[in-house]
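Fit chain A to the supplied structure of chain W, relying on the hints for placement.
First to last, the protein sequences are chains W and A.
Heads up: the first sequence runs through residues 300 to 585, numbered per my numbering.
Heads up: the second sequence runs through residues 42 to 298, numbered per my numbering.
Calculated from the structure, these hints are not laboratory results.
Hints should not be assumed to be uniformly reliable.
Claimed, not checked - Only part of the chain A face toward chain W is listed, based on derived beta-carbon distances under 7 Å:
1) TYR63
2) PHE81
3) PRO123
4) VAL126
5) GLN177
6) ALA180
7) ILE181
8) PRO185
9) GLU186
10) LEU190
11) TYR193
Glycine included, each C-beta is placed from N, C-alpha and C at the ideal position.
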Amino acid sequence: MGTVVVDFTSIFPSKFEFLGAEITPLEILISIAIFAIGVILARVLRMTVLRYVGIHLPEETRRAVNRVVYWGIIVLAGLAALSNQGVDFTGALLGAGIFAIIIGFATQSLVANLISGLFMQIDKPMKIGDPVEIVDSNVAGVVTEVTAFSTRLRMFDGTYARLPNEKVFTSQIRNFSKNIARRVEFQVGIGYKEDVAQAIAIINKTLYELPMVLVEPAPNVFVDTLAESSVNINVFAWVPWQHWFLMRQQLVERVKKQLDTVGVELPYPQRVIWFAETAKNPLKNA
Amino acid sequence: MTLKDSVAKKEVSEEFDLFGEYTIEQKLDKRYGDEKLLMFKTGPNMYGYQRFHKEQLTVEKVIASDKTLKLGIFPVAPIHTPERVGDYVMLKLITPLVLEPQSRVVAYLTMPVEIGVVRSDTGEVNMIDVFSVGLQYYAIYGTPENGLLCRYHLTRISAEMPKAAMYQEAVVKVHFMNNTRKVMTVNRVVLPVAGTNFYVRGAEAYYNDLDMVLSDRLSSTVAGVRFSSVKSGASSEWALSEALLKQQFKFIMEWGL
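With the rest of the complex left out, here is chain W (with noise of 0.2 Å):
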């Protein structure tokens, strides 16, 4: 009986060609061992960031920080990989280099929402939950998401808006819930011949009557104005910043009702006009 001689290297062959490179399934399997490596690495890494930074920084913050740790490995392991199969990457970064430039003009506004979406990640100007106003979109309302690419808002009517990143970045942005307390600001006019000091003291008082108009800042009420129908006074009230909508409607309302109940005048716009003597009162001749 003759002896079959089977030629392993016919079928697996000592040695292959990668990407330009002569490469033995040893060193294949070197390869693998170190992506595996930094894949495990890529997750314990992640999994020490989260435990002892992760707790210590905002919910959008971390989920950036998590997702660039962990893929930063895992490209860093995988070029290790390929460079340890003696794959030259010369051609291949030229190639990318030019395809980057050919796809970042191509996704210039993308990588431009990108960017922004990292910047305000830094500057935070907003978090989830911040009632805010992008100013120059004219757009209001509460902050439920802000994704790499885009802001998105429940706008105080409910609706829904989506705002590209690198806008929300650029534009002027007011966050109502930055400070702990805002301010309520309206204006009362009284007629002239009513008595200022009275109606600033029944404004105190109604201010004073309401837990939410804080005592220190002290408000300020003051006459702002002599004008043509009215003595216009400011009020100026500082309440908890969750309360400024509702404080807003009160404030305005019990104003007007204490001011009614003291008897003082309102008026609307009036103008008093002067006959001459010489001239006929058109009233009395009628």
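Just chain A now, kept in the frame of chain W:
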């Protein structure tokens, strides 16, 4: 002495409704200032709870209980009404206190209280209702950018234990310590009160003694406020309310005294 004992004795005048724990057999009504509480049995496992403000119904609840209902009515931290916006209290001194360098002074202040109705028969304390007798005021300690929203209370400073407004105030004894080398003026005491409780005696309330220690930092003088290391001024006839769990704290007043 337990709270139950102090309530059972009812040493304080019967004219006023007292703080304490009450068992609702059939019907019970209590009055605290303008607030009237009505608790009554409506069925085998059902109780009704109503609160009237100036005789007008403002709160109504149904409480299910498979055993006889026990409700505690205690002073609680003044941070719940009309809505919780912060955990701090600012006690603003009507007359500022001037402290000599390296000096110590013990004085009494008053602080606001709210009244909590808590269910204590379930093993854990559940707040059924909370209300204030009288007006509430709030203020910012610090700036609108970095400050704290505090319940604001104007108080006189006195060497003797003052008479606090019933159902509205508790007495607090403060050990002021000026550890600096300068004459310092104290205008306010700011402290976190969430989770802290009061001693009660009849219709009176007493807060834990406080230490306020003034010391120099790099560029400014700050005050540390904490529960006093000295044993509480509440004598044995005061009982600790079971409304909320007692917590330790230390707060640094860094935005002015």
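Here is what the structure says about each hint:
1. TYR63: At 29 Å from the nearest chain W Cβ, A:TYR63 fails the 7 Å test, so the hint is violated.
2. PHE81: Check failed: Cβ of A:PHE81 comes no nearer than 31 Å to chain W, outside 7 Å.
3. PRO123: OK, holds: A:PRO123 within 7 Å of chain W, min 5 Å.
4. VAL126: Result: holds, 5 Å to nearest chain W Cβ.
5. GLN177: Where the cut-off is 7 Å and the nearest Cβ of chain W is about 4 Å from A:GLN177, the hint holds.
6. ALA180: Hint holds; A:ALA180 Cβ to chain W Cβ min 4 Å, cut 7 Å.
7. ILE181: holds (6 Å)
8. PRO185: Holds, about 4 Å.
9. GLU186: holds (5 Å)
10. LEU190: holds (6 Å)
11. TYR193: holds (5 Å)
This entry does not satisfy hints 1, 2, going by the numbered hints stated previously.
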